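Protein chains in written order, with the working numbering: chain A, 1 to 154; chain B, 1 to 143.
Simulated from the structure, these hints should not be mistaken for laboratory data.
None of the values given here were measured: they were computed from a predicted structure.
Possibly wrong hints are sitting among the right ones.
Heads up, simulated DSSO-like pairs for lysine-lysine below, C-alpha to C-alpha not over 30 Å straight-line [to be verified]:
| no. | chain 1 | residue 1 | chain 2 | residue 2 |
| --- | --- | --- | --- | --- |
| 1 | B | Lys125 | A | Lys147 |
| 2 | A | Lys28 | B | Lys67 |
| 3 | A | Lys28 | A | Lys147 |
| 4 | A | Lys28 | B | Lys56 |
| 5 | A | Lys28 | A | Lys146 |
| 6 | B | Lys56 | B | Lys67 |
| 7 | A | Lys143 | A | Lys28 |
| 8 | B | Lys125 | A | Lys146 |
| 9 | B | Lys125 | A | Lys143 |
| 10 | B | Lys58 | A | Lys28 |
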Amino acid sequence: MDILMVLFTLFAGITLSAQSAVNGTFSKGAGTIETALLTFLTGSIFLFIIILFFGEGDLSGIMNAPNWQLSGVFMGVFYLSFTIVAIPRIGVIATNLTTIVGQLVIGLIIDHFGWFGGIQIDLDGPRVLALAFMALALYFIYKGNKKTQTEAVS
Amino acid sequence: MRYFSYIFALLAGAALSFESALYGDLGKSIGELETTFYNFAVGSLILGLIWLFFGKGKLSYTMEAPKWSLIGGILGVVYLLSIVISVPFVGVGITMVAVIIGQIVMSMIIEHFGWLGSAASRINKEKVFAVLSMIIALILINQ
Numbered sequence: 001m002d003i004l005m006v007l008f009t010l011f012a013g014i015t016l017s018a019q020s021a022v023n024g025t026f027s028k029g030a031g032t033i034e035t036a037l038l039t040f041l042t043g044s045i046f047l048f049i050i051i052l053f054f055g056e057g058d059l060s061g062i063m064n065a066p067n068w069q070l071s072g073v074f075m076g077v078f079y080l081s082f083t084i085v086a087i088p089r090i091g092v093i094a095t096n097l098t099t100i101v102g103q104l105v106i107g108l109i110i111d112h113f114g115w116f117g118g119i120q121i122d123l124d125g126p127r128v129l130a131l132a133f134m135a136l137a138l139y140f141i142y143k144g145n146k147k148t149q150t151e152a153v154s
Numbered sequence: 001m002r003y004f005s006y007i008f009a010l011l012a013g014a015a016l017s018f019e020s021a022l023y024g025d026l027g028k029s030i031g032e033l034e035t036t037f038y039n040f041a042v043g044s045l046i047l048g049l050i051w052l053f054f055g056k057g058k059l060s061y062t063m064e065a066p067k068w069s070l071i072g073g074i075l076g077v078v079y080l081l082s083i084v085i086s087v088p089f090v091g092v093g094i095t096m097v098a099v100i101i102g103q104i105v106m107s108m109i110i111e112h113f114g115w116l117g118s119a120a121s122r123i124n125k126e127k128v129f130a131v132l133s134m135i136i137a138l139i140l141i142n143q
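One chain only, chain B, in its complex shape:
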């Protein structure tokens, strides 16, 4: 199952790349915010259908869960808004590098301290090497 999770994460990233490539032109013709709204609204409909037929979890948990664990959707929108605002100022390249570095560094902090309900797992040498390798890869891509 552990290998599968890594493959799932790789596929998730691949999907994200296809998504931004597919939406590139749409954003120019109907607007960035509108494209994002289309994505969230129609995505809700698709997931609503999937949930209706295949949902095995407990949606009513929403009412019992601590309120901070409900902010995932809003965080996603804040992320997209920040990107839409910053790209015209600093360009796509720098935006992507800064986003990825922010994401990796914050992931390290969250996991090390076990914030936001995630399992705490100490930073070790290997994880630091992994992050350094990623930063080198980013520099190579963006030169």
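Excised from the complex, chain A in its bound form:
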């Protein structure tokens, strides 16, 4: 069962990279803001139908939730818009890999200080080493991308 679930989660990563590629393509015709708007609108409609049938939570609880929790929505909008800007310019791998690095670095910082009511996890030796390997990954992806671009030109 567990290995099945891990495969299922791999599939989640696949849909995310497919989304960024699809949106990058659509934005060439429609524009960045328009692509983000369409993604959010169709996502809302699809989710609304799913909640109607399978929702077990309490949507009206939104009204009582603290404002700082609700501000997550601006982050969601930033994320999608920035990805759409980057994809046509630096490609699918560079965008997704760089996004993941940004995500992990901030994640490590949030963990270290225990912000937003999460558990606190120290930035220990292995985690600092992980930061170094992420910097290395960024260096390689930048270099690799530059190489394919010069090849394409020549």
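For chain A, the structure is supplied; the task is to place chain B on it using the hints.
Leaving out everything else, chain B in the frame of chain A:
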């Protein structure tokens, strides 16, 4: 402009981390699906306003575009649903590692073959090294 795109991508990831930290408690109090719906619905409103005042593109392109290029929103929801379903079974750590590996490997395949309308760009040694470095970083974080 190329440097800017890398910085934009870094900021996008940072935003994603803040988003999940901010929504962590909300998900527990009103439900994961409901939180995601809140995010998409209010995000649509915010983007609708931004589009009204600053939109320079062509929303009507939606009607002309090939239908497969319209599935971005649905893919985003499928992604979130898969995560919500798998976390209780395998935990957050393994879920995140599997998601990221799935994402990077699929990105390589998409870009190498130029699928989904993206510009084809061959895999080279540097890109493979980049992916390996990421996997080492993930193992270090999750041990």
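Determine which of the earlier numbered hints do not hold for this structure and return their numbers in increasing order.
Of the numbered hints given earlier, the structure breaks none, since each of them holds.
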